[in-house]
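*Asks:* Residues per chain, in single letters:
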Amino acid sequence: MAELTAKRQINVPLMADLAAQGETPEILFWVGCAGAFDDRYKRVTRAFVRILEHVGVKYAVLGMEESCTGDPAKRAGNEFLFQMQAMQNITTLNGYGIKKVVTACPHCFNTIKNEYPALGGEYEVIHHSTFLQQLINEGRVKVEGGESYKGRRITFHDSCYLGRANNIYEAPRAVLEALDADLVEMKRSKANGLCCGAGGAQMWKEPEPGKKDVNIERTEEALATLDGNAAALDNLYGVESGNAGATPAPKTNGQGSIIAVGCPFCMTMMSDGVKNKERENNVQVFDLAELVASAEGLNA
Amino acid sequence: MHFSIQNFLFLLVAIAGFGLFAWQARKIRANILVGRDRDMSGNVSERLNKTLLVAFGQSKMFKRLTPAFLHLIVYVGFLVINIEVLEIMVDGIFGTHRFLQFLGPVYDVLMATNEILGALVILAVAAFWWRRNRKPPVRRFQGPELRAWPKLDANIILYIEVILMVALFTMNTADLKLHQLRGAEMPGTFPISSLLVGLFPSNEAALHVLERVGWWAHIVGILCFLNYLPSSKHFHIIMAFPNVYYSRLVPQGQFSNVESITHEVKAMMDPSYEVPAPATAPDGSALAPTPFGAKDVNDLAWTNLLNAYSCTECGRCTSVCPANITGKLLSPRKIIMDTRDRMEEKYNSPLIFSPNLYGQEAKHDSQEVLDKDNHTLLRGYVTPEELWACTTCNACVEACPVNINPLESIVEMRRFLVLEESAAPNSLNVMFSNIENNGAPWAFSPSDRFNWADDLYVAEKEAVTA
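Residue numbers (my numbering), protein chains in the order written: chain G, 1 to 300; chain B, 301 to 766.
Here chain G stands alone, though its shape is the one from the complex:
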């Protein structure tokens, strides 16, 4: 017996088509604006859809019927615009009788999960890190058959809107542990995680005057942690806190290390930071879904 790898074209199912056939999907995949428009994050969307297809879950997307959740407007103080967007999306989702929403964007996740219910939109909302963890736990994704991440040094950067905002810290780490990689934690992680600098609508504006950009501070921390560079960590945390974040230098296996993220804004900020630090040659930034799809050998 041999294995033959074939590639199959995916026709992503649209909610409107399913509804027309009188069908209801198990989950609605909420793509989000970054997932739909941002070139880098589109790859995450595509990786996640490959996983959905691979496990055979019945899903649909809204396609052109999806609109911004209103998160950036709300965080920036434009409550009016937020509620306009929210009501419009709730009308769409309720019109299709959606019960369960999965999204790869912590901002969309937080907004739909926490702020839509009071406006009439009550759904079970799941972030893709939790969803991937479930697939792995159920054995539907084996994280094998593709690229091996065994021993690769990975650090996970917590998204504020997944972590502190909604207390999801373990799901993304469980997904990474399944890769059998060399996971290292930054000192500022989980509830003490440092923002990438893009939340609260900062993504769309220039930062205020200061000494440094937030994403540079965070990238320096991630790189120093991956490199096991104790001096750089001391420098970042200051003399006050000592140097609890230092880890032994990585075994060089020629593959470089990885900053894992679970948020489109973190993706942009950390990628820009790595570029700024001229470390693209040996440090890559990946979303959880990309790592899982590639480990499962789903890329075609």
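For the record, the hints were derived by calculation from the structure and aren't laboratory data. Please read all numbers here as calculations on a predicted model, not as lab measurements. Cβ coordinates follow ideal geometry from the N, Cα and C atoms, glycine included. Certain hints may be false.
Claimed, not checked - Covered by chain B, per the in silico footprint, the following chain G stretches (three or more residues, Cβ under 8 Å):
hint: 1; region: 50-62
hint: 2; region: 77-86
hint: 3; region: 123-133
hint: 4; region: 164-170
hint: 5; region: 196-207
Said to hold, decoys possible - Some chain B residues flagged as far from chain G (calculated, every beta-carbon gap over 10 Å):
hint: 6; residue: ARG482
hint: 7; residue: PRO542
hint: 8; residue: LEU630
hint: 9; residue: THR676
hint: 10; residue: PRO725
Unchecked claim - Derived pair list, reagent style DSSO-like, types lysine-lysine, alpha-carbon separation capped at 27 Å:
hint: 11; chain 1: G; residue 1: LYS275; chain 2: G; residue 2: LYS212
hint: 12; chain 1: G; residue 1: LYS58; chain 2: B; residue 2: LYS761
hint: 13; chain 1: B; residue 1: LYS327; chain 2: B; residue 2: LYS566
hint: 14; chain 1: G; residue 1: LYS190; chain 2: B; residue 2: LYS360
hint: 15; chain 1: G; residue 1: LYS150; chain 2: G; residue 2: LYS211
hint: 16; chain 1: B; residue 1: LYS566; chain 2: B; residue 2: LYS350
hint: 17; chain 1: G; residue 1: LYS211; chain 2: B; residue 2: LYS566
hint: 18; chain 1: G; residue 1: LYS275; chain 2: G; residue 2: LYS211
hint: 19; chain 1: G; residue 1: LYS100; chain 2: G; residue 2: LYS42
hint: 20; chain 1: G; residue 1: LYS142; chain 2: B; residue 2: LYS646
hint: 21; chain 1: G; residue 1: LYS150; chain 2: B; residue 2: LYS761
hint: 22; chain 1: G; residue 1: LYS212; chain 2: B; residue 2: LYS327
hint: 23; chain 1: B; residue 1: LYS435; chain 2: G; residue 2: LYS212
hint: 24; chain 1: G; residue 1: LYS42; chain 2: B; residue 2: LYS761
hint: 25; chain 1: B; residue 1: LYS363; chain 2: G; residue 2: LYS187
hint: 26; chain 1: G; residue 1: LYS187; chain 2: G; residue 2: LYS58
hint: 27; chain 1: G; residue 1: LYS7; chain 2: B; residue 2: LYS360
hint: 28; chain 1: G; residue 1: LYS211; chain 2: B; residue 2: LYS451
hint: 29; chain 1: G; residue 1: LYS100; chain 2: B; residue 2: LYS566
hint: 30; chain 1: B; residue 1: LYS327; chain 2: B; residue 2: LYS435
hint: 31; chain 1: G; residue 1: LYS277; chain 2: G; residue 2: LYS190
hint: 32; chain 1: G; residue 1: LYS211; chain 2: G; residue 2: LYS190
hint: 33; chain 1: G; residue 1: LYS99; chain 2: B; residue 2: LYS566
hint: 34; chain 1: G; residue 1: LYS277; chain 2: G; residue 2: LYS212
hint: 35; chain 1: B; residue 1: LYS451; chain 2: B; residue 2: LYS363
hint: 36; chain 1: B; residue 1: LYS350; chain 2: B; residue 2: LYS360
hint: 37; chain 1: G; residue 1: LYS150; chain 2: G; residue 2: LYS212
hint: 38; chain 1: G; residue 1: LYS142; chain 2: G; residue 2: LYS42
hint: 39; chain 1: B; residue 1: LYS363; chain 2: G; residue 2: LYS190
hint: 40; chain 1: B; residue 1: LYS363; chain 2: B; residue 2: LYS350
Once you've looked at the hints, dock chain B against the given chain G.
*Replies:* Relative to the frame of chain G, chain B by itself:
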């Protein structure tokens, strides 16, 4: 029992002390109630649990072990030594001497614990003083908001605590020596004072005076301290408890939805929707319309104002703020301190009132000069530059040991800037119009929203028999 003019005098001093405090507390209660109404009732058991854990149990302090340990000494010292203060009060009023001595061995343990804690408190306070006054101080005790009164206030608190402990030891040591000279058995066990007796004179009259001086200094000191609290960051020893009790139970990422806007949006989407009649004053007349968001302290919710009185200016919020760490003007602690200063400037002020008014020193941008004539919280104390630097990451909320939420106040002021003044940074206005026109914060055509699905393939492994 032995009544004297001293008991009468003590009663007067105690009544005056507590009366003055009640008068100050009423003023502060009125300030807090200036805030907008917000229903925080219900969920009593969940709230009590949280208060037990976070306020009594200090669970959030233990993110930083050194200060947590030092603070724990002073906190436990405060709680336990207050049992002796209770005794002092009873002795003072009824002319008894150490009336709790009937507790016997329990009294021995109590007094011994008090003395050891008292000594540890002095050591902890010395460490606190060093952390604040060394050059340079611990990073979170720096910053433009920690100067003038807040800086002095922090040291005054430490000095008062030392004075109170010294008074306690003076009283105990003199009392102990008096008993020794008379060959009488002193009730209680005093491990620290028994080390100090050698330093005290062997003159009964002098010892008697010293004992009384210690006794009066301790209790009058406590009454003065009590009345100093409303002017001080040390007010947190009381306000932390209601503040934690009334803190939010919802996920930190959940921001409030403005209800009046919900009605407007519903009416826009559905012309048949009936907007509820606006609230009226008790006499039936229309109330002045409330603005969207917050320009001044009275536009914030009462819980945000309660936050301001619970803040002990420890700076944990500011030290984890990504904007502040990277040199931006924003300091969550300053937002909270400004809120309290502005409340006391506009409404009732406590006995000592010294608002932290900022000059030009911390400003980069001449456009951001504080407006001294139109002295509201927004622009009078807090500049838009500070507000726009916030990433809404909730690090400050997570860090606060007493569950203060600076983020809510920041977002309320952003709402005022955007909805009442259309004063968002231009790039954010572009983002808003992109959402309005394209349904996305970037300038992409909505018709391209599904393009990501083009030419998408998945690898499939099929088992084939050779």
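*Asks:* Against this structure, judge whether each hint is valid.
*Replies:* Going down the list of hints, with the structure as the test:
Only residues whose beta carbon comes within less than 8 Å of a beta carbon in chain B count, and the region 50-62 of chain G has 4; three or more means the coverage holds. Three residues within the 8 Å Cβ limit are the bar, and the region 77-86 of chain G against chain B gives 8, so the coverage statement holds. For the region 123-133 of chain G, the stated coverage by chain B is violated: 0 residues have a C-beta nearer than 8 Å to a C-beta of that chain, whereas at least 3 were required. A count of 4 residues in the region 164-170 of chain G with a Cβ less than 8 Å from any Cβ of chain B is obtained; the coverage claim is therefore met, three being the minimum.
Counting residues of the region 196-207 of chain G whose beta-carbon sits less than 8 Å from any beta-carbon of chain B gives 11, enough to reach three: the coverage restraint holds. No beta-carbon of chain G is positioned within 10 Å of the beta-carbon of ARG482 (chain B); the least distance is around 53 Å. With a least beta-carbon separation of about 24 Å from chain G, PRO542 (chain B) lies farther than 10 Å from that chain, consistent with its non-interface assignment. The non-interface label for LEU630 (chain B) is inconsistent with chain G: the shortest C-beta to C-beta separation is roughly 8 Å, within 10 Å.
Its beta-carbon lying about 17 Å from the closest one in chain G, THR676 (chain B) satisfies the requirement of being farther than 10 Å from that chain. Not every C-beta of chain G lies more than 10 Å from that of PRO725 (chain B), the closest at about 5 Å, which undercuts listing it as non-interface. For a cut-off of 27 Å, the pair hint linking LYS275 (chain G) to LYS212 (chain G) stands: about 15 Å separates their Cα positions. Between the alpha carbons of LYS58 (chain G) and LYS761 (chain B) the distance comes to roughly 20 Å, so the proposed pair stays at or under 27 Å and holds.
Straight-line distance between C-alpha atoms of LYS327 (chain B) and LYS566 (chain B) comes to about 40 Å, which puts the hinted pair past the 27 Å bound. About 15 Å separates the Cα atoms of LYS190 (chain G) and LYS360 (chain B), which keeps this hinted pair within 27 Å; it holds. With a C-alpha separation of about 38 Å, the suggested pair LYS150 (chain G) and LYS211 (chain G) falls outside the 27 Å cut-off, and the hint is violated. Distance hint between LYS566 (chain B) and LYS350 (chain B) is unfulfilled; the C-alpha atoms sit about 36 Å from each other, more than 27 Å.
Of the supplied pair hints, the one linking LYS211 (chain G) and LYS566 (chain B) is violated, its CA atoms being roughly 45 Å apart against a limit of 27 Å. Between LYS275 (chain G) and LYS211 (chain G) the CA atoms are separated by roughly 19 Å; this keeps the pair inside 27 Å, and the hint holds. A C-alpha spacing of about 22 Å is found between LYS100 (chain G) and LYS42 (chain G), which places the hinted pair at or below 27 Å, so the restraint holds. Taking the CA atoms of LYS142 (chain G) and LYS646 (chain B), the gap is near 64 Å; set against the 27 Å cutoff, the hint is violated.
Between LYS150 (chain G) and LYS761 (chain B), the direct Cα distance comes to roughly 22 Å. Compliance with the 27 Å bound is thereby established for this hinted pair. Restraint check for LYS212 (chain G) and LYS327 (chain B): not satisfied, since their Cα atoms lie roughly 43 Å apart, outside the 27 Å limit. As the CA atoms of LYS435 (chain B) and LYS212 (chain G) are separated by approximately 25 Å, the hinted pair is consistent with the 27 Å bound. Pair hint LYS42 (chain G) plus LYS761 (chain B) holds up; C-alpha atoms about 24 Å apart against a cutoff of 27 Å.
For the proposed pair LYS363 (chain B) and LYS187 (chain G), the alpha carbon gap of about 12 Å is at most 27 Å, so the pair holds. Our distance criterion of 27 Å between C-alpha atoms is broken by LYS187 (chain G) and LYS58 (chain G), whose separation comes to about 39 Å. At most 27 Å may separate the alpha-carbon atoms for a hinted pair to count; LYS7 (chain G) and LYS360 (chain B) exceed this at roughly 52 Å. For the hint linking LYS211 (chain G) to LYS451 (chain B), the alpha-carbon distance of about 25 Å falls within 27 Å, and the restraint holds.
Distance check on the hinted pair: LYS100 (chain G) and LYS566 (chain B) sit about 24 Å apart at the alpha-carbon level, within 27 Å; holds. A threshold of 27 Å between alpha carbons decides the hint, and for LYS327 (chain B) with LYS435 (chain B) the separation of about 38 Å lies outside it, so the pair is violated. Simply put, LYS277 (chain G) and LYS190 (chain G) have alpha-carbon atoms about 24 Å apart, close enough for the 27 Å limit, and the pair holds. As the CA atoms of LYS211 (chain G) and LYS190 (chain G) are separated by approximately 25 Å, the hinted pair is consistent with the 27 Å bound.
Pair hint LYS99 (chain G) plus LYS566 (chain B) holds up; C-alpha atoms about 23 Å apart against a cutoff of 27 Å. Taking the CA atoms of LYS277 (chain G) and LYS212 (chain G), the gap is about 13 Å. The hint holds against a cut of 27 Å. Taken as a hint, the LYS451 (chain B) and LYS363 (chain B) pair is honoured in the structure, with Cα atoms around 24 Å apart against an allowance of 27 Å. Annotation: proposed proximity of LYS350 (chain B) to LYS360 (chain B) holds, straight-line Cα distance about 11 Å (limit 27 Å).
The straight-line distance between the Cα atoms of LYS150 (chain G) and LYS212 (chain G) is roughly 35 Å, outside the 27 Å bound, and the hint therefore fails. Simply put, LYS142 (chain G) and LYS42 (chain G) have alpha-carbon atoms about 24 Å apart, close enough for the 27 Å limit, and the pair holds. Of the supplied pair hints, the one linking LYS363 (chain B) and LYS190 (chain G) holds, its CA atoms being roughly 13 Å apart against a limit of 27 Å. At roughly 17 Å between alpha-carbon atoms, LYS363 (chain B) and LYS350 (chain B) fall within 27 Å of each other, so this suggested pair holds.
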